[in-house]
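Trainee: Take the sequences, apply the hints, and build the full model.
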Amino acid sequence: MPHDQARCSLVIPCFNDGAFVTDAVASVREDEPVELVIVDDGSNDPGTLAVLDRLRGEGIHVIQQKNAGLAAARMRGVAETSAPFVFCLDSDDELAPGALGLLADALEANPGAAFALGKLELFGARSEVRSFPPWDPWRLLYVNHWTAHGLYRRQELMAVGGWTLADCYEDWDLLLALAEHGSSPVILDDVAVRYRQHAGARMSTRCRHRHAEIYSLLRQRHRALFKRRRELARKSPAGFWIRVGFPLFLGSRRLYPLAINRQVDRVRAVRTLH
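Mind the numbering: the sequence shown is residues 1 to 274 in my numbering, read in order.
Any given hint might turn out to be false.
Calculated cross-link-like contacts (lysine to aspartate or glutamate; reagent style EDC-like; alpha-carbon spacing at most 16 Å) [what the hints assert, rightly or not]:
1) Lys235 to Glu108
2) Lys227 to Asp190
3) Lys119 to Asp190
4) Lys235 to Asp190
5) Lys66 to Asp45
6) Lys119 to Asp189
By construction, these hints were calculated from the structure, which means they are not laboratory data.
Mentor: Now the structure itself:
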């Protein structure tokens, strides 16, 4: 690959996030070229539109479309780019310095991996560094303990259709699709993304109230993977009590796994930032 040809495409969907999107763009600090596109998903906030106009004037590729939701905005950006690796960064989050190059190196060193994940550094209303357990498709059937904020091989991402769930749990849906396809990640011990924590309710809180509805939809969309749960359980590195407890408490489709997630969060948090 020529030195000036980008390995990574970075897609930043934006809907009325003018207060944060400039910081998201500024967080791209790489020693190699990056193909960057912002997808304005029908923003109607004058401040956001002014920020996007300014970024466009600075040479940033900004695409505007009618509001279609996060998944559609991400895939519009994917369609408008061409680099072999793809990362979708939410407009209120930030990349760690050199994260794209680090993740791309990991994919090149691990040809069997479909995507690469790094740790999340939470900042804002809550501060900690969060790591992830070993990849486990069985555990993924019940709760998403991983992030979809990773670098994907474009070919693998498109093979499963990318982000397609229109409303809530689009990241969980993508990871289930990848697991169903037999894909797995390489997980790094380095921070890749700074994940902003908001004091007020945003999408994740709203989606938790619809957990039963959306979880039932996930089970329908990924029937083939859920039918393999006994086989996947035999291969799972999860301990005995998790393998007993998850189907009992989370398989009901009614219980949002908040209490269990809190316990896992305590294990995954490698340190608290002060």
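Trainee: Indicate, hint by hint, whether the structure satisfies it.
Mentor: Comparing the hints with the structure gives:
1. Lys235 to Glu108: Between lysine 235 and glutamate 108 the Cα gap is close to 26 Å, so the pair fails against 16 Å, i.e. violated.
2. Lys227 to Asp190: With Cα atoms ~34 Å apart, lysine 227 and aspartate 190 exceed 16 Å; violated.
3. Lys119 to Asp190: Holds, because 6 Å separates the two Cα atoms, which is no more than 16 Å.
4. Lys235 to Asp190: Since the Cα atoms of lysine 235 and aspartate 190 sit roughly 27 Å apart, the hinted pair is violated (cutoff 16 Å).
5. Lys66 to Asp45: Holds: lysine 66 and aspartate 45 sit about 14 Å apart, inside 16 Å.
6. Lys119 to Asp189: 7 Å, holds
The structure fails to meet hints 1, 2 and 4 from the earlier list, while all remaining hints are met.
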